[in-house]
Amino acid sequence: MNRAEGPRGWLLLGSAPLLVLLLLPLFALVWASSPADLLVGLQDPLFGPALWLSTWTSMVSLVIIVGFGTPLAWVLARSSSKGAGVLEGMMDLPIVLPPAVIGFALLQTFGRSGLLGTPLSMMGLQIPFSTVAVVLAQVVVAAPFYVQSAIAAFRRVDPELLLVARTLGRSPVRTVVSVAVPLALPGLIGGAALAWARALGEFGATLLFAGNLPGVTQTMPLAIYMALESDVRVALALSLVLAAMAVLLLFLLRGLPRMLRSTP
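Sequential numbering of the sequence shown, starting at 33, is according to my numbering.
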């Protein structure tokens, strides 16, 4: 036996309680389901609208995050100023803040009596308790996961390659698009998958800022919360579908970047 295998075995044994705590609830979720109960849950009126709303709002959120987060990540990755460092640190705030605090903060920003409430009312816009509010809540809580991954990916890009591209006459924008982004693509995809998973599972900020209106703001996590009060089978079906989507995202997060790195 390799000498290193002994300590690793003891360390793995010592971490077994944590592994059980992490994996056992997922096993219990699958164990508690039956095909009949799952079919009943899938046919419930709550299921279809919640699945559709969660899917398309999280996709819209992801497009916004990638579209605006990629240039932001590039600027922060290539800047050495103190201001950029402070801004990068502040990007982590939505990760450490409780989702309920984020939802209340969004309400104080876009609500009728909020910071932007009067200008929005004058334009006839009401954002809280609308589908737009769902997207905004998802963007705020999920964006840091993508931006931080993109920053790390851009910092791994060899500056010499960027310099060569510039000497060949490419503009700064073309250099980023044609050189930096392809080289950083595995990290960008991983960050995007992580952000999408976070947006898909968002609950607290959405509940406070967007409410729980079926067909309008009721995403799958909110539908699970509501279904627990009436039919556990619906909550179970929603939970299993969300868990399956999370597993697919996990494989995407882990597998696709490795495949891209191994591609010549």
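No lab work stands behind these hints: they were computed from the structure. We treat Cβ as the ideally placed atom computed from N, Cα and C, and that holds for glycine. Be a bit skeptical, because a hint or two may be false.
Restraint ranges, calculated between C-beta atoms of paired labels, are given here [unchecked claim]:
(1) Glu261 x Gln75: 26 to 32 Å
(2) Val209 x Trp63: 36 to 42 Å
(3) Gly247 x Leu280: 21 to 27 Å
(4) Val107 x Pro81: 35 to 41 Å
(5) Met122 x Met154: 25 to 31 Å
Quiz item: CB of valine 209 to CB of tryptophan 63, is that within 36 to 42 Å?
Solution: The hinted range 36 to 42 Å is violated for valine 209 and tryptophan 63, with Cβ atoms some 49 Å apart.
Exercise. For the range 21 to 27 Å, tell me whether the beta carbons of glycine 247 and leucine 280 fit it or not.
Key: Since glycine 247 and leucine 280 have Cβ atoms about 25 Å apart, the given range 21 to 27 Å holds.
Exercise. Take a look at whether the Cβ-Cβ distance between valine 107 and proline 81 falls inside 35 to 41 Å.
Key: holds, 39 Å
Exercise. State, for the Cβ atoms of methionine 122 and methionine 154, whether the hinted interval 25 to 31 Å holds or is violated.
Key: At roughly 30 Å between Cβ atoms, methionine 154 and methionine 122 fall inside 25 to 31 Å, so the hint holds.
Quiz item: Between glutamate 261 and glutamine 75, does the beta-carbon spacing fit 26 to 32 Å?
Solution: Once the Cβ atoms are compared, 19 Å apart, the range 26 to 32 Å for glutamine 75 and glutamate 261 is violated.
Checked against the numbered hints given earlier, the structure breaks hints 1 and 2 and satisfies all the rest.
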